[in-house]
Every structure is written in C-alpha cells, then in structure tokens.
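In order, the protein sequences belong to chains A and B. Under our numbering, the first residue of the first sequence carries the number 252, and numbering increases by one thereafter. Under our numbering, the first residue of the second sequence carries the number 137, and numbering increases by one thereafter.
Here are a few chain B residues that sit away from chain A, every Cβ distance over 12 Å (derived from the structure):
| no. | residue |
| --- | --- |
| 1 | Glu-144 |
| 2 | Gly-146 |
| 3 | Leu-149 |
Partner residues are not named here, just some residues of chain A that face chain B (Cβ under 7 Å, in silico):
| no. | residue |
| --- | --- |
| 4 | Thr-307 |
| 5 | Asp-334 |
| 6 | Asp-335 |
Chain A is nowhere near these chain B residues, computed Cβ spacing over 12 Å in every case:
| no. | residue |
| --- | --- |
| 7 | Arg-139 |
| 8 | Pro-179 |
| 9 | His-255 |
Hints are computed from structural coordinates only; laboratory data are not their basis. Built from N, CA and C at the ideal position, the CB exists for glycine as well.
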Amino acid sequence: MTHEALLETLRLRIGETRGPFVRTIEAGALIRFAAATGQTHPRYFDRNHGPVAAPTYISTFCAEAVAELITLDPGLPMFLHSDDVAELGDPIIAGDEIRATARYVDAFVREGRRGTMLFQTAEMRLVNQRNAHVATVRVSAVSF
Amino acid sequence: MTRFDRIETGEALPLLQTDITREDLVRYAGGADDYVRQHWDHPFMIESGFPDVVVHGWLTFAHMCRAVEAWLTPEEARIAQFSVRYLAPTYPGPLSCGGEVVSRQCDSIIVDLWASDVHGNRTTRAEMTLVRA
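Bound conformation, chain A alone (with noise of 0.2 Å):
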C-alpha cells in the first residue's frame, strides 16, 4: 500500500473514539510508578497524604486509551513516539477513580530524514470522580 493509501485509509479514522476507561488509582501503583522514573519527593511516596502522581502518570492511560486507538502497525517497520501536548488540571490522588476517553484525531505524511514519514495523533482526555478535568493529552506516533 503506497503511503497515500495508507493516509487515505487512516484519515477515515479521524473522530473515532475509545474508552471510558475506568481505573481507581492505587497508592502502590503511584509509588511503583514514582520509583521507576526517578522521584524522591516525598508527595509521591507519602500514603498518609494521597501519595499525589507524578507529573507524567497520566501517560499510563495511554495503553489502553491511545495504544488501542492509534495504529500501531500501519504496514511500516518502525514506529517511535514523536510528541506530546498536554494540559494539567487537578492532580491525581490514590483513591481517585479515573476516566479517560480518547479520541483519533489526525494523520499525515510529511519528509524526513528517514523518507516519508507517517504521524498519527489521538486525544486522551482524564476526568476524576467529580468529573472534574485532569488532562488532555495528544499523543502522536511516527511510522516510517
């Protein structure tokens, strides 16, 4: 399939959406998850006050909002990561119950120093059990 194609066939997908996906945040996921990218404050670490997520928690919806949303094998060998938009609201707590909707946003080609190079983005959006915002994330993804 030649990469117009491919784009053609992928901006079909423009406005499907995902989710909600549900998940009650456990103090010990805030914790391995604090752990494994370096943190040593101790709100993140802290049970008897939340602990509070790290800034960048929010990107563990994407595997099961975005990952599933955003194609991941469009038929070219490699895919990379390429960037992130965010907006911060209230900070997720353990105990909070947390919703993420996502949404396929766009696609497009563009020339690179690999060639052609495919992106895609989706639009992650998480509310709390107030339904009160915690972020919009657009993530996008690039296929070459």
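Following the hints, complete the assembly by docking chain B onto the known chain A.
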C-alpha cells in the same frame, strides 16, 4: 515575596544528570504498562537499523520534569501545560536535562527544556508552563 515571584526570564535550571539503564526500562515498562517492543527487543531494534533499544519518550520527559521540580518544587509551582517533541531516539546511558526560563508573567512561568545524550545530542525538547501551586 515567594520564590515563584523571584524567578526571572533567562534563569537557567540546574542541570540534572542521570543514567538510564536497561533495568530502568524494564521497571518503567511495568510501572507504566508500556510493553512496546522498541523498548526491550534488542535484536529487533538492531535488525531495524538502530544501535540499541529506545528509552520510552515519557521516561525521558519524566526526568525533564524532575529537573524542573528540583529547581521549583511542587509546593511552589504546578505544571499546567507542556508540549514535548522527541527529536531523535534516546538510548540507554547518561542523560542530561536542563532548561531556561523564556517568559515570565505575574502568574505563570514558561520554560524551555531539553534532554541530551552522552554525545551532547539534544534528543528531546519541551516547553512547559508553570503556575503558582
């Protein structure tokens, strides 16, 4: 006057230096539920023309956030927005993260951030908006 108020345009963030090992990638994969093979399948990456497995983009950015929070703590400022661009693959090994204040308003600070590998290649760039905590 709080520390947030005293930050000025042009101020550089202290450099954060770390070393990302393959063990770190395994730990991160478990913590983030991110098992994409580009981060663990060494033979696949070599066959694909890469010198090594690639560090998760979000893990590189997490260290960039650490550089920010080591400079201006979560008690002093909250991350309100960011945009990150992964310019080139980051491979396991030494990583340096730094940045500079590029804009200062009454209630917000914008910083340009970067991460560079052992060869000095800036593999990741970001812009972040911080507001009062």
